[in-house]
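Could you slot chain B onto chain A? The hints should help.
Protein chains in written order, with our numbering: chain A, 1 to 511; chain B, 1 to 501.
Quick list of in silico lysine-lysine cross-link-like pairs, BS3-like style, CA-CA up to 30 angstroms:
(1) B:K94 <-> A:K365
(2) B:K481 <-> B:K463
(3) A:K470 <-> A:K271
(4) A:K389 <-> A:K271
(5) A:K389 <-> A:K470
(6) A:K389 <-> B:K94
In case anyone wonders, no lab produced these hints; they're calculated from the structure.
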Amino acid sequence: MTDDLTRRSAADLAARLDAGDVSSVDVTQAHLDRIAAVDGAVNAFLHVNADDALATARDVDARRAAGEELHPLAGVPIAVKDVVVTRGMPTTAGSRILEGWVPPYDATLVERIRAARLPILGKTNMDEFAMGSSTEHSAFGNTRNPWDLDRIPGGSGGGSAAAVAAFEAPLAIGTDTGGSIRQPGAVTGTVGVKPTYGGVSRYGLIAMASSLDQAGPVTRTVLDSALLHELVGGHDPRDSTSIREKVPALVEAARRGATGDLQGVRVGVVKELSGEGYQAGVSARFAESLDVLQGLGAEVVEVSCPHFDYALGAYYLIMPSEASSNLAKFDGMRFGLRVEPEDGPVTAERVMAATRGAGFGDEVKRRIILGTYALSAGYYDAYYGSAQKVRTLIQRDFAAAFEQVDVLVSPTAPTTAFRFGEKLDDPLAMYLNDVATIPANLAGVPGMSVPAGLSDDGLPVGFQVLAPAKADDRMYRVGAALETALETRWGGPLLDRAPALPTTELEGMSR
Amino acid sequence: MTATTVDLVDYADATRRYDPVIGIEVHVELGTVTKMFCPAEVSFGAEPNTQVTPVSLGLPGALPVVNGRAVEYAIRIGLALNCQIAESCRFARKNYFYPDVPKNFQTSQYDEPIAHDGWIDVELEDGTVFRVEIERAHMEEDAGKNTHVGGATGRIHGAEYSLVDYNRAGIPLVEIVTRPITGAGDRAPEVARAYVQTLRDIFRALDVSEARMERGNVRADVNLSLRPSPDSPLGTRTETKNVNSFRSVERAVRYEISRQAAVLDAGGAIVQETRHWHEDTGITTSGRVKSDAEDYRYFPEPDLVPVAPPREWVEEIRAALPELPVARRRRLQGEWGYADAEMRDVVNAGAIDLIEATVAAGASPAGARKWWMGELARRAKQDGVDLADLAVSPAQVAQLQSLVDAGRLNDKLARQVLEGVLAGEGDPEQVATARGLEIVSDDGALLTAIDEALAAQPDIVEKVRGGNLGPVGAIIGAVMKATRGQADAGRVRELVLERIG
Chain A
1 MTDDLTRRSA ADLAARLDAG DVSSVDVTQA HLDRIAAVDG AVNAFLHVNA DDALATARDV
61 DARRAAGEEL HPLAGVPIAV KDVVVTRGMP TTAGSRILEG WVPPYDATLV ERIRAARLPI
121 LGKTNMDEFA MGSSTEHSAF GNTRNPWDLD RIPGGSGGGS AAAVAAFEAP LAIGTDTGGS
181 IRQPGAVTGT VGVKPTYGGV SRYGLIAMAS SLDQAGPVTR TVLDSALLHE LVGGHDPRDS
241 TSIREKVPAL VEAARRGATG DLQGVRVGVV KELSGEGYQA GVSARFAESL DVLQGLGAEV
301 VEVSCPHFDY ALGAYYLIMP SEASSNLAKF DGMRFGLRVE PEDGPVTAER VMAATRGAGF
361 GDEVKRRIIL GTYALSAGYY DAYYGSAQKV RTLIQRDFAA AFEQVDVLVS PTAPTTAFRF
421 GEKLDDPLAM YLNDVATIPA NLAGVPGMSV PAGLSDDGLP VGFQVLAPAK ADDRMYRVGA
481 ALETALETRW GGPLLDRAPA LPTTELEGMS R
Chain B
1 MTATTVDLVD YADATRRYDP VIGIEVHVEL GTVTKMFCPA EVSFGAEPNT QVTPVSLGLP
61 GALPVVNGRA VEYAIRIGLA LNCQIAESCR FARKNYFYPD VPKNFQTSQY DEPIAHDGWI
121 DVELEDGTVF RVEIERAHME EDAGKNTHVG GATGRIHGAE YSLVDYNRAG IPLVEIVTRP
181 ITGAGDRAPE VARAYVQTLR DIFRALDVSE ARMERGNVRA DVNLSLRPSP DSPLGTRTET
241 KNVNSFRSVE RAVRYEISRQ AAVLDAGGAI VQETRHWHED TGITTSGRVK SDAEDYRYFP
301 EPDLVPVAPP REWVEEIRAA LPELPVARRR RLQGEWGYAD AEMRDVVNAG AIDLIEATVA
361 AGASPAGARK WWMGELARRA KQDGVDLADL AVSPAQVAQL QSLVDAGRLN DKLARQVLEG
421 VLAGEGDPEQ VATARGLEIV SDDGALLTAI DEALAAQPDI VEKVRGGNLG PVGAIIGAVM
481 KATRGQADAG RVRELVLERI G
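Isolated chain A, as found in the complex (with noise of 0.2 angstroms):
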């Protein structure tokens, strides 16, 4: 192990800081100098916090100090998705028409990380509105992914997932509305958790699909998204859709897994989240994790979930349905961009027209066109009304498939990161992407990625983790497992291997 600061797991940092090793200050600055040197080149931040985020080091040194009880993670510094909100902070969601917006408040899930005192090293990059699986409809610029420059981060949450896997943050926060923080952990080869639908709060979510959208965990480690997730998880009253019951043992099962024990676990294949449309790669990785599991004790059985075949369709109707409806808000009147036509009447109408047209991307356009029609009078029962009928299908697949098995898991994305430009033209092409994750979405159960290895091209191929909502444990405790005997069978984590980053000078940015 080295001794750069950035290169260690958050519940290492932990352990370090609680011992009085390290200071929160040395962490963040050294995370803060890492960012200078390469995001440059990474572009996974929006908004660097700096002097916030060292002002909340400090303090916690200085309790820490005082022999104050503090947060397990306190001190540990954390990135956070742009399309959450942030008192004092610019939001943006990727998106000009947010462009300067600084919000009067805080989500829920950041009053949680604040109060837990980890110092918020900034904003990271994402796909417009979270609209997005390479993170190139970004309003402004592309992140790059660590393993190659030329090819995407994923997305929505390419942002966090590169600040991760350059070690520019240690944690950061992602949102995952139909694969938006598990694909960017596949294609980045680092650890994403979309808990279960309502077990992280979603106040103060810049929302694009409310029945979808779930906050989690971007992360190099399973065991420190499982610190994460029960920091953040929980019933918030401000959030209806909020579960009420406590958090299971995230920490402990993630623990439990690494000791390497699956005897008994039964872990389903999902039958039609394989074969065509799998890159060879990411299928031979994929077979490997299973002997990995098989080898653990695990009893490894295929499983259909017949419905799952019309999960992208359905899904493609009803997030763009709640997204025209939930963008609909930005319109110039209240905060954000506003944009006054050129010629005409300065009315309320064509200011708000003016003002969408110019803020909004094409994408997003896309969709808000597509789900304005979807839920228009006469098109409703045939569009939005089918596909909450193929969703309820879906989610009886899944509660037969969890009859039988504990867990179900599939490669989290067909294909391992693609070329800038190589889908933008095609957006169904671009849509496929989501094809093993929209499912988790569509019914409200947990998911998480796990690095299974390099795909033939060297680059990363996640393994997915399914399992029954409420139940995150279980994903826990099989992915950490996984985890462990990968990097045993690898000499180290993944992301050992990946490339060093070409660094830019440090231009006052050290203490």
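What follows is chain B alone, placed relative to chain A:
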């Protein structure tokens, strides 16, 4: 606005030849402490945009949470209107762009109202009872308030700019929708008015709203259509929006009947549209045409879970419902023994609570009515105030009446005492004592006055002694004058005759 002449058919003529059908949508603002979906406080007259949260401003990321008290109030209303209460119901989004709707959708109930299929009996002024069927009562949030500045009319047309106050945005509303009200005939305007008034009374009795019409707590939209006869299918309707006083409801229905009859008489067709009500001129004018059926793209609100009021809770609310105004009126009329006309006058004068309290304080129902509907009603009218605003309490009225009943005051003195009470001089007892207004019942004092009067008018004494009782009144008058009216005239007469012998 260009002046257009609108043909109207004489009302009596219109209702002879057409059968009016009305439908009324009443919005009531609930008197909750906070808004429908967020903890922003609600109070009348606050500085603009001070009663807001990220939720009621529609800021990115904010989420609604249903106000449990608003649900309880909606259930109260539903039960009072004899509705079924849904076992489970949802909110929906009604999508449309307008600056006073911060999210550009209104969170409302659409196809799953909390209460449905009820009825309410309304009593017309002559005592006729008319049953109105309720289709549904559903929960929704109010919009903000636009003020258009710079134009001549205060309307958006011609304004330089507009201001939006979001204090009202998110205030909980319950909308009550009737089924088509048929069979009212020429009494349709009266029924419409009585219905809205009955609802207002119910809201107050239920304590779910201040229900002040002048503050817009209760707003009515009045639908009206005409058909040739009660057997004909329903005609095309117009919806006159925001008719916000009882009198206006009645006038608007009456106006629309006359206007639509004229259109139909001329062979025209009624356009399905919303119409504006003009309080000043008493007419309606064309608003939005509804034939292109606005598409609100309703869909279930994904940010809220269904509202599923447990049956036990609904039954608890039902058990705790207060007596409703019509039932109460009937009960009190029976207890007080008032004639129908008397009771109606009492109700119309807004005296029912005052009389009830006066009776509770010990007065007889007849005595209480006599004061409140007589002297006090006259005084209130003269001062231009409500009875309840007079500076006299029911307990004081009861005390006044008890002084009369005990023979300590006669009517004339009692009115003077009341004068003192209203002037803030204290309770009737105190006023009577302070002003020295009690009846003089001490025979000794009276005899002195009588003897003086007899001595002053010996000629009259002679006449009376001679058997002519006519002039005795002059003696009595003199005594009453000497005692400043505080003597009991009957007793004085007895004593005078006794003295003369």
